[in-house]
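Asker: For reference, the chains in residue letters:
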Amino acid sequence: MSGIAMPKPSQELLRNKAQIVKDLQRIISGEGVICEEIELRPYETDALTAYRQIPLAVVLPETVEQVSQILKYCYANEVKVVPRGAGTSLSGGALPLADSVLMSMMKFNQILDIDLPNRAVVVQPGVTNLGITHAVQHEGFYYAPDPSSQIACSIGGNIAENSGGVHSLKYGLTTNNVLGLEMVLMSGEVIRLGGKHLDAEGYDFLALLAGSEGLLGVVTEVTVRVLQKPETARAALIGFPSSEQAGQCVADIIGAGIIPGGMELMDKLAIDAAEDFVHAGYPLDVEALMIVELDGPEAEVDRLLQEVSSLATQNNSTYLRVSETEDERNTFWAGRKAAFPAVGRISPDYLCMDGTIPRKALPQVLKRMQVLGEKHGLRCANVFHAGDGNLHPLILYDANNPGELEAAEAFGADILRLCVEVGGVLTGEHGVGIEKRDLMPEMFSETDLKQQQRVKCAFDEKHLLNPGKVFPVLHRCAELGRMHVHKGQLPFPNIPRF
Amino acid sequence: MAQSFRPRDTAELVEVVKWAAAEQQPLEVIGNGSKRALGRPMQVANTLALDHLTGVVDYEPAELVLTARAGTPLAEIQALLQDNGQELAFEPMDYGPVLGEELGRATFGGTLSANVSGPRRIKAGAARDHVLGLEAVSGRGELFRAGGRVVKNVTGYDLARAFCASWGTLAVASTITVKVAPKATTEKTVCLFGLQGVEATGAMSAALGSSAEVSGAAHVPEKLAALQSGNWGGGRSATLLRLEGIEESIDYRVGILRRVLELAGTVEIMDAAASFSVWQSIRNLTVFPHNLGALWRVSVAPTAADDVIASLPEGCLVMQDWGGGLLWIADPDDQRDGTSLRAAIASAGGGHATLVKAPENVRNTIDVFHPQEPGLSLLTKRLKSQFDPHGILNPGRMYKGV
Ligand SMILES: Cc1cc2nc3c(=O)[nH]c(=O)nc-3n(C[C@H](O)[C@H](O)[C@H](O)COP(=O)(O)OP(=O)(O)OC[C@H]3O[C@@H](n4cnc5c(N)ncnc54)[C@H](O)[C@@H]3O)c2cc1C
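These protein sequence lines are chains W and U, in that order. Going by full-length UniProt numbering, the first sequence opens with residue 1, and the numbers climb by one from there. Going by full-length UniProt numbering, the second sequence opens with residue 1, and the numbers climb by one from there.
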């Protein structure tokens with residue numbers, strides 16, 4: 001494991017393990033508490049597998065009351081709690097701590113209410129993202145945010161990470177599609193926000209919970225908005241001789257006032273890996289491949305596809321194919337959707353980065369990433385949500401070669417610094433977790449980070465819920481609350497009064 | 001001594017709030033003051049007005065992103081976007097007319113801090129859905145930044161979005177970044193006349209549940225429709241469904257709606273000009289008469305609306321937007337405290353009611369914003385004190401003690 005320091009485990013808690021387990025079993029009987037090392041193993045990591053740690057115990061509550069009781073108990077005894085959904089986080093958000101109780105929410109797997117006249121669905125947090133769509137698709141509805149991990153990841157995890165997908169360009173991220181939720185605070189208190197109506201009253205706590213990475217509350221129920229499927233969707237597969245030309249085409253499409261359902265780019269390495277894996281029929285003689293999907297009524301889709309095609313030609317595209325059937329469209333996507341595992345086949349290990357940049361910086365960033373790759377001696381395949389500037393550089397390395405993980409992490413950090421430098425951000429959809437935690441000061445000042453931590457203090461003043469994630473330095477809430485003021489200072493004499 | 005400040009730049013803004021924090025001097029924070037009559041009246045001597053903190057800082061049409069200072073007139077931003085074939089997709093409404101002010105006085109920051117959206121909210125999202133980043137001064141007098149200038153960003157807590165709907169009680173924004181959208185080339189409105197109650201909400205639900213991509217769904221009842229000039233179906237109630245986009249797409253989608261609404265009644269079509277003007281009057285509430293008494297704003301699930309409407313006292317006029325879920329209720333009795341309205345909302349499945357317009361004595365004594373459950377209310381207070389420990393920013397405007 002490389003250089004990310006986690007909070008030091010409390011020796012006292014580790015010694016008291018037997019008692020803690022007994023107390024937890026009083027709240028959840030039977031198989032709901034796991035404490036044997038061999039059974040704890042599956043929970044030692046999420047999808048950021050370079051980091052592993054078994055927790056003190058795992059609990060699998062089934063009722064809100066149990067969640068509340070466990071949290072209350074842990075709050076009283078100062079035991080840390082790490083919430084977990086399906087464990088697909090790519091940033092280490094669900095990584096346990098040695099002295100923590102890991103709370104798996106996967107037994108909360110019921111769909112509670114399907115209310116199509118109000119276009120709302122109420123589910124428990126362990127329901128998978130795709131599970132929601134499956135529950136409503138018989139009536140032509142779907143849940144719009146579609147992370148590539150949607151078969152597996154939970155809606156609770158989606159809220160915690162504010163996950164997005166290929167269609168977020170047009171239909172938004174998780175935060176734009178959630179109407180309400182129920183959560184339990186570290187103190188055990190149950191709070192409900194919003195409902196089936198639009199715009200919850202008072203402060204926008206839903207906005208804070210989306211992307212809170214399990215640090216603010218344990219989500220126990222979610223109300224999402226579902227949409228009617230667009231009538232048609234067609235995709236164009238467009239190849240370019242260079243990434244710069246592809247990047248320019250992306251800018252031109254958006255500049256022409258077209259918001260595609262999805263707009264993705266892959267570079268040569270990713271194209272080759274994907275084609276080799278799923279045989280999607282991708283052209284192998286291009287440097288960059290774009291998939292543009294237009295959705296809506298047929299008449300509109302046809303007309304916009306023509307516009308996209310002519311913009312592609314203007315940008316010297318050398319390959320263009322428009323899907324004629326649903327099967328063909330799905331094949332175009334199959335390669336893109338399998339891009340991560342495809343890259344996994346050509347390299348023993350890879351690290352998936354997730355910075356976002358302003359679209360116009362795309363050509364420049366691609367060029368400089370190549371230079372960075374040479375500096376670190378590693379290859380990098382690029383797959384990205386081009387429409388919203390969200391990059392997924394996949395850094396190829398071999399953990400068995402001494403020093404390569406470190407080199408890959410250093411390469412990744414350089415890429416993210418570059419993203420911030422050109423006006424972008426460290427993470428577009430995978431979250432900060434532990435992975436990008438220590439890079440937070442690249443983007444935020446000490447004051448910015450302290451104000452964010454004060455939000456945490458309003459929810460969990462003892463820092464017991466998922467500590468060690470997101471913030472590089474943990475300040476005690478009492479310290480954050482202090483104010484250093486100089487009395488008697490008169491405001492700027494020159495400020496206009498009225 | 002009472003002071004009124006008009007900072008011209010961020011440094012001056014920080015200076016004022018620092019002073020107020022050090023002296024524990026509460027500030028009434030306003031943009032242009034266009035929504036001053038909305039909320040609980042405050043007992044605050046000092047005013048901090050942001051109307052000199054103006055200007056678009058950055059706008060790149062091809063990036064679909066705009067950054068402006070908080071006091072910039074919203075109208076200026078809308079005009080700039082219009083010139084570039086773009087717009088704020090959340091279509092902010094204007095409280096001016098109902099609050100006895102002119103149209104077009106709102107500022108950018110005021111619009112976002114009150115999360116003001118319009119009819120297109122059902123399709124494009126609320127104001128908060130379009131906010132990407134922010135620079136603001138907390139009640140501690142500290143300048144902080146949150147979010148960024150790109151659409152996809154999960155780096156740190158989403159303080160920029162959380163600023164929306166805080167009504168100036170958490171922090172004072174100096175600059176805000178939003179995403180903007182290409183403006184639709186044209187629009188048409190599909191109308192059904194004469195529908196009542198569940199027929200109307202049912203028709204709107206069916207339309208919104210179809211693939212017609214309806215971008216506005218409102219119902220104007222008979223009594224209100226009768227007050228309108230122009231072609232409003234001769235005093236019958238009007239159920240209005242707006243379609244925007246390119247011409248051939250709209251025409252095609254009119255066909256979808258005709259099929260979906262086959263059983264609901266005869267469909268008539270408003271052309272672009274008529275559609276535009278109808279939606280302007282819905283958006284800015286000019287469908288209501290001037291002397292409307294008290295005005296309540298209610299958000300419920302669309303199918304709950306009919307029960308809430310049925311519970312209202314005689315004489316109330318209700319317009320439904322957002323597919324039926326947003327109720328604008330004009331009550332000739334402007335002294336009502338909202339208890340029975342809120343009880344009806346709760347028993348219809350939940351939602352909230354805000355008193356938008358009422359005399360000061362009423363707003364002084366009742367809950368203007370929907371009262372919160374005890375746990376949520378405490379969380380609200382804790383969040384407030386983490387941003388503004390001395391309670392100097394718009395104290396009491398939303399809730400007592402917040
Ligand atoms: C192959 C692959 C592809 C992916 N593609 C995408 C993509 O396209 N877009 C995207 O955005 N992400 C993607 N991801 C990342 C990941 O799937 C998402 O972040 C997902 O939302 C995590 O959900 P989960 O249920 O697995 O949560 P976990 O990994 O279990 O947990 C993630 C975080 O959520 C917290 N959490 C989980 N449940 C709760 C709860 N009920 N209450 C409070 N906190 C909770 C945890 O503490 C942790 O911090 C991908 C991952 C993989 C492995």
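Honestly, the hints are just simulated from the structure, not real lab data. Mixed in with the good hints there might be a few duds.
As the list claims (entries may be wrong) - Chain U side only, calculated, beta carbon under 8 Å to chain W, not exhaustive:
id: 1; residue: Ala2
id: 2; residue: Ser4
id: 3; residue: Val16
id: 4; residue: Tyr59
id: 5; residue: Gly125
id: 6; residue: Ala146
id: 7; residue: Val150
id: 8; residue: Asn153
id: 9; residue: Ser249
id: 10; residue: Ser299
id: 11; residue: Val300
id: 12; residue: Ala346
id: 13; residue: Ser347
id: 14; residue: Gly350
id: 15; residue: Gln372
id: 16; residue: Arg382
Ideal Cβ placement from N, Cα and C applies to all residues, glycine included.
Asker: Which earlier hints turn out false for this structure, listed by number in ascending order?
Answerer: 1, 4, 12, 13
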